[in-house]
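So the protein sequences, as listed, match chains A and Y.
Using our numbering, you'd call the opening residue of the first sequence number -5 and step up by one each time.
Using our numbering, you'd call the opening residue of the second sequence number 65 and step up by one each time.
Quick caveat, the hints were computed from the structure, so don't treat them as lab data.
Only true hints are included.
Subject to a maximum C-alpha distance of 30 Å in a straight line, what follows is the list of computed BS3-like cross-link-like pairs (lysine-lysine):
{"#": "1", "chain 1": "Y", "residue 1": "K121", "chain 2": "A", "residue 2": "K65"}
{"#": "2", "chain 1": "Y", "residue 1": "K121", "chain 2": "A", "residue 2": "K93"}
{"#": "3", "chain 1": "Y", "residue 1": "K121", "chain 2": "A", "residue 2": "K31"}
{"#": "4", "chain 1": "Y", "residue 1": "K121", "chain 2": "A", "residue 2": "K62"}
{"#": "5", "chain 1": "A", "residue 1": "K31", "chain 2": "A", "residue 2": "K62"}
{"#": "6", "chain 1": "A", "residue 1": "K93", "chain 2": "Y", "residue 2": "K135"}
{"#": "7", "chain 1": "A", "residue 1": "K93", "chain 2": "Y", "residue 2": "K75"}
{"#": "8", "chain 1": "A", "residue 1": "K48", "chain 2": "A", "residue 2": "K(-1)"}
{"#": "9", "chain 1": "A", "residue 1": "K93", "chain 2": "A", "residue 2": "K65"}
{"#": "10", "chain 1": "Y", "residue 1": "K121", "chain 2": "A", "residue 2": "K(-1)"}
{"#": "11", "chain 1": "A", "residue 1": "K50", "chain 2": "A", "residue 2": "K65"}
{"#": "12", "chain 1": "A", "residue 1": "K65", "chain 2": "A", "residue 2": "K103"}
{"#": "13", "chain 1": "A", "residue 1": "K65", "chain 2": "A", "residue 2": "K(-1)"}
{"#": "14", "chain 1": "A", "residue 1": "K103", "chain 2": "A", "residue 2": "K48"}
{"#": "15", "chain 1": "A", "residue 1": "K31", "chain 2": "Y", "residue 2": "K75"}
{"#": "16", "chain 1": "A", "residue 1": "K103", "chain 2": "A", "residue 2": "K(-1)"}
{"#": "17", "chain 1": "A", "residue 1": "K103", "chain 2": "A", "residue 2": "K31"}
Chain Y is faced by these chain A residues, among others (derived, beta-carbon under 7 Å):
{"#": "18", "residue": "G37"}
{"#": "19", "residue": "F40"}
{"#": "20", "residue": "F83"}
{"#": "21", "residue": "K93"}
{"#": "22", "residue": "F96"}
{"#": "23", "residue": "G97"}
Just so you know, even glycine gets a beta-carbon here, dropped at the ideal spot from N, CA and C.
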Amino acid sequence: DQQVKQNSPSLSVQEGRISILNCDYTNSMFDYFLWYKKYPAEGPTFLISISSIKDKNEDGRFTVFLNKSAKHLSLHIVPSQPGDSAVYFCAAMDSGTYKYIFGTGTRLKVLA
Amino acid sequence: DTGVSQNPRHKITKRGQNVTFRCDPISEHNRLYWYRQTLGQGPEFLTYFQNEAQLEKSRLLSDRFSAERPKGSFSTLEIQRTEQGDSAMYLCASSLAGARESGANVLTFGAGSRLTVL
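From just these sequences and the hints, can you work out the full model?
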C-alpha cells in the first residue's frame, strides 16, 4: 500500500518558468510533510517542510502548499533554474510513530 | 560536524556472503533511520532508533537483516547470506527530536552505501 504517491514520474520546464510538483497521501495521521531533492550518487537533501497546522510555507524560490481535505501537497519552484534539475521526493511523517514515508519521486528537468 | 557519514560507499559481494554498513549520524541527533532505495523508487523505511533503542522495524527487514546502535551513537546494518534482491542503495539519516519551529524532526541523509550482490 503506497501511502505517499507522486503520480508524475517526470516533468520538463523551461528556465524561468514555474515548476509544480505534486504529491498525494492516504494516511490521515500524517501531520508533517517534507520535500527532498536528490542528485545522482548523493543522498536526498532537505528543501522545505510544512506542518499540518499550516497550508503554506515559503522559503525563497520554494513554496509548499498543503490541502488537508484533499490529502494533497505541492511544491512550487519559481523561477526554475537549470540547477534545479534533480529528482524530488515528498515525505510524510506521523508524529505518533516518527516514521517518514517517501513517495516514488518526480524527475524535474529544467531546460535552458 | 561533517554531516551524516556512511561507509563503505560501495560494496560488491557474492551471493551468500555477509555485509555490514556503518552510519555515523550528526553528533547531537538522537534519532537514526535506515532506508533502502532501488532504481526508480523512493527511499523505503527499514528501521529507526531513538538513542540506542530500536523503536520500529519494517516488515521489509527479514531475519537476515539486523541493525544496532550501541551507546546511541553510530549504527551498523548487517545483511547475512546476501541475495541478489538485496542489491540497492542503503541510506542512513538522522534527526533531532524537538519542536518543528526549531528545525527539529528534519531528516538529514548520508550519501548512502551502494550494495551490489553478484
